[in-house]
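Colleague: Could you build the full structure based on these sequences and the hints that come with them?
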Amino acid sequence: MTSWGMVINLEKCIGCWGCTVACKQEHFLPPGVFWNRVLIGESGEYPAVRKEMVPVLCNHCEDAECVRVCPTGATSKREDGLVVIDHDKCIGCRYCVVACPYQQRTYHSDGSREYFPGQGLTALEVLGRRLYPLQEGTVVKCNFCVERLESGLKRGLKPGVDREATPACVNACVPKARVFGDLDDPYSNVSQLIREKLGHQLHPEFGTNPSVYYIKA
Amino acid sequence: MEIANERRYYWMVQHTSQEEWIKGRGLWLWLAFVFGGMGGGLYLVSLYFGNTVGLVMGWLVVVALKGGAHLAYLGRPKRFWRAASGWRTSWISRGILFVFGFGLFGAVQIAPAVLDGLPWSGEAPIIRGLAALFALLVMVYPGFTMSYVSAIPFWNNALLPLLFLTYGFLGGIGLFLPLAFFGGEGEGTVAALETSLRIALLVSAFLLGLYLISVSYSSAAARESLGALLRGSLAGPFYLGVLMCGIVLPLTVSWLSLVVGLTWPLLFVGMLGELIGSFALRYCLLRAGIYAPLLVGSR
Numbered sequence: 000m001t002s003w004g005m006v007i008n009l010e011k012c013i014g015c016w017g018c019t020v021a022c023k024q025e026h027f028l029p030p031g032v033f034w035n036r037v038l039i040g041e042s043g044e045y046p047a048v049r050k051e052m053v054p055v056l057c058n059h060c061e062d063a064e065c066v067r068v069c070p071t072g073a074t075s076k077r078e079d080g081l082v083v084i085d086h087d088k089c090i091g092c093r094y095c096v097v098a099c100p101y102q103q104r105t106y107h108s109d110g111s112r113e114y115f116p117g118q119g120l121t122a123l124e125v126l127g128r129r130l131y132p133l134q135e136g137t138v139v140k141c142n143f144c145v146e147r148l149e150s151g152l153k154r155g156l157k158p159g160v161d162r163e164a165t166p167a168c169v170n171a172c173v174p175k176a177r178v179f180g181d182l183d184d185p186y187s188n189v190s191q192l193i194r195e196k197l198g199h200q201l202h203p204e205f206g207t208n209p210s211v212y213y214i215k216a
Numbered sequence: 000m001e002i003a004n005e006r007r008y009y010w011m012v013q014h015t016s017q018e019e020w021i022k023g024r025g026l027w028l029w030l031a032f033v034f035g036g037m038g039g040g041l042y043l044v045s046l047y048f049g050n051t052v053g054l055v056m057g058w059l060v061v062v063a064l065k066g067g068a069h070l071a072y073l074g075r076p077k078r079f080w081r082a083a084s085g086w087r088t089s090w091i092s093r094g095i096l097f098v099f100g101f102g103l104f105g106a107v108q109i110a111p112a113v114l115d116g117l118p119w120s121g122e123a124p125i126i127r128g129l130a131a132l133f134a135l136l137v138m139v140y141p142g143f144t145m146s147y148v149s150a151i152p153f154w155n156n157a158l159l160p161l162l163f164l165t166y167g168f169l170g171g172i173g174l175f176l177p178l179a180f181f182g183g184e185g186e187g188t189v190a191a192l193e194t195s196l197r198i199a200l201l202v203s204a205f206l207l208g209l210y211l212i213s214v215s216y217s218s219a220a221a222r223e224s225l226g227a228l229l230r231g232s233l234a235g236p237f238y239l240g241v242l243m244c245g246i247v248l249p250l251t252v253s254w255l256s257l258v259v260g261l262t263w264p265l266l267f268v269g270m271l272g273e274l275i276g277s278f279a280l281r282y283c284l285l286r287a288g289i290y291a292p293l294l295v296g297s298r
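So the protein sequences, as listed, match chains X and L.
In this text, residue positions in the first sequence follow numbering that gives the first Met the number 0: the first is 0, and each later residue adds one.
In this text, residue positions in the second sequence follow numbering that gives the first Met the number 0: the first is 0, and each later residue adds one.
Since the hints were derived computationally from the structure, they do not count as laboratory data.
Be a bit skeptical, because a hint or two may be false.
Claimed, not checked - Away from chain X, derived, C-beta distances all over 12 angstroms, residues of chain L: (1) G23; (2) G85; (3) E186; (4) A204; (5) L209; (6) Y216; (7) R222; (8) I275.
Said to hold, decoys possible - Here are the simulated EDC-like pairs of lysine to aspartate or glutamate, each with C-alpha atoms no more than 20 angstroms apart in a straight line: (9) X/K50 with X/E10; (10) X/K153 with X/E78; (11) X/K196 with X/D183; (12) X/K175 with X/E163; (13) X/K175 with X/E25; (14) X/K76 with X/D87; (15) X/K23 with X/E146; (16) X/K76 with X/E149; (17) L/K77 with X/D109; (18) X/K196 with X/E10; (19) X/K157 with X/E146; (20) L/K22 with X/E135; (21) X/K23 with X/E113; (22) X/K23 with X/E41; (23) L/K77 with X/D85; (24) L/K77 with X/E135; (25) L/K77 with X/D87; (26) L/K22 with X/D109.
Yeah, the Cβ is synthetic: ideal placement off N, Cα and C, and Gly gets one too.
Modeller: Structure below.
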């Protein structure tokens, strides 16, 4: 059984925010809505201060809190490991937003917000609202570019290998810090990286078993 | 440590407070939690003393005010009926079923007292029992809804549902007292209510203290929440609203009434303090919900 997951190499990440921008562009996300972020923190004391750049996104957890708390069944876990939202069922109660320990869900409240307030929508924003309309009053989040995945699989492409079938953030990553693949395949790129480079999950104590792993190599 | 929300660069790098359930339209959810507790409590107290006006008021507070506040909060209110389907795992789903159940059985229980010629009696034990059960569930389920959220350690506490229950009774007694005082209930009833109020206030204060102490032994994020309540941005609403108005003032009024007798100004002051305390407690609990940072060891 396929279980899609991602590995992010924290030593390679340069904090360029390319993943964030690529994701925004791929899904025409409005202002204030982020499906990919790069958290930047500092640790250590002078002179041994270290900057940490940690890309975060929906972890598509195995035991997702958002799936359990959803009162309508709008949020569900697919057989291929993706946690997806059926926006026609979402009532916008935001229990999932509150319950997510990684805070990777956003309530989309205002579809009329422009990137350039007072100047109207750009051509790209108009196109986005036609091609990828987000329902106001519902919760949105990363879906591992499910449209690219499904379209690529139908054409016999391999997600994580063929760019057309791979999430936009993975494609956009300049230092190739992100790798996408099947966690259930022990010989996949992601499985090998996790095994060889001691991949770890973010906050495993939350108990949700994320599908996004981090390595430092 | 400052909370990260005011400085977005530190979002989830430092402790970050939840905003969805208290800021902007989140205020409607706060009101819904308050009305549910008060309405359920008023209904139960009125059921005990057999006061029809109190029963109707309690029912309306839950069905109209709480229900209306929930609908005002939802992003897609016309789809509210879908929320009933997730009852196996979702406390919001269970809550909507409890409210429906209370609306139904509460109406069935009240109707014979208001309408003539109905073929059943509102005093039938099964009807009273079901109405009381659903009123109790309406009062307590917000506590479970919040305590289920393990992502917010301050809320993830077994005492929270109990706190909601006791504050629900407190609100109910507080709202019923004027009904009893001005509605011609006997001195015995008023005296019983006063005694119940004293007990409820002391129990609520004790539970609140226990809750805060147990939070202080929890995680760093929970201690941040406690710090916000006791020393930070929520100290004002907490000390003035929850403690002074919500507990000290009604207790003082209640003990004063033992000396000078219960007068309507004292009653009004006590009731107002209790109402403020009820609103302030849920507000502080919701506002103080804080997430642990995603980056460990970072600042």
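Colleague: Hint by hint, note whether the structure agrees.
Modeller: Hints versus structure:
1. G23: Since the minimum Cβ distance to chain X is about 8 angstroms, L/G23 lies within 12 angstroms and the statement is violated.
2. G85: Check fails; 4 angstroms does not lie beyond 12 angstroms.
3. E186: holds (46 angstroms)
4. A204: holds (28 angstroms)
5. L209: At about 24 angstroms from chain X, L/L209 clears the 12 angstroms cut-off, so the statement holds.
6. Y216: holds (17 angstroms)
7. R222: For L/R222, whose nearest Cβ neighbour in chain X is about 17 angstroms away, the distance exceeds 12 angstroms, so it holds.
8. I275: holds (26 angstroms)
9. X/K50 with X/E10: With a Cα-Cα distance of about 11 angstroms, the restraint between X/K50 and X/E10 holds, given a limit of 20 angstroms.
10. X/K153 with X/E78: Holds - the C-alpha atoms of X/E78 and X/K153 are around 17 angstroms apart, at most 20 angstroms.
11. X/K196 with X/D183: holds (17 angstroms)
12. X/K175 with X/E163: holds (16 angstroms)
13. X/K175 with X/E25: The given pair, whose Cα atoms are some 18 angstroms apart, holds under the 20 angstroms limit.
14. X/K76 with X/D87: holds (16 angstroms)
15. X/K23 with X/E146: holds (15 angstroms)
16. X/K76 with X/E149: holds (16 angstroms)
17. L/K77 with X/D109: holds (18 angstroms)
18. X/K196 with X/E10: Status holds; Cα separation ~12 angstroms.
19. X/K157 with X/E146: holds (14 angstroms)
20. L/K22 with X/E135: holds (18 angstroms)
21. X/K23 with X/E113: holds (14 angstroms)
22. X/K23 with X/E41: Since the Cα atoms of X/K23 and X/E41 sit roughly 26 angstroms apart, the hinted pair is violated (cutoff 20 angstroms).
23. L/K77 with X/D85: holds (16 angstroms)
24. L/K77 with X/E135: holds (13 angstroms)
25. L/K77 with X/D87: This hinted pair holds, its Cα atoms lying about 11 angstroms apart.
26. L/K22 with X/D109: The given pair, whose Cα atoms are some 15 angstroms apart, holds under the 20 angstroms limit.
The structure shown violates the earlier hints numbered 1, 2 and 22.
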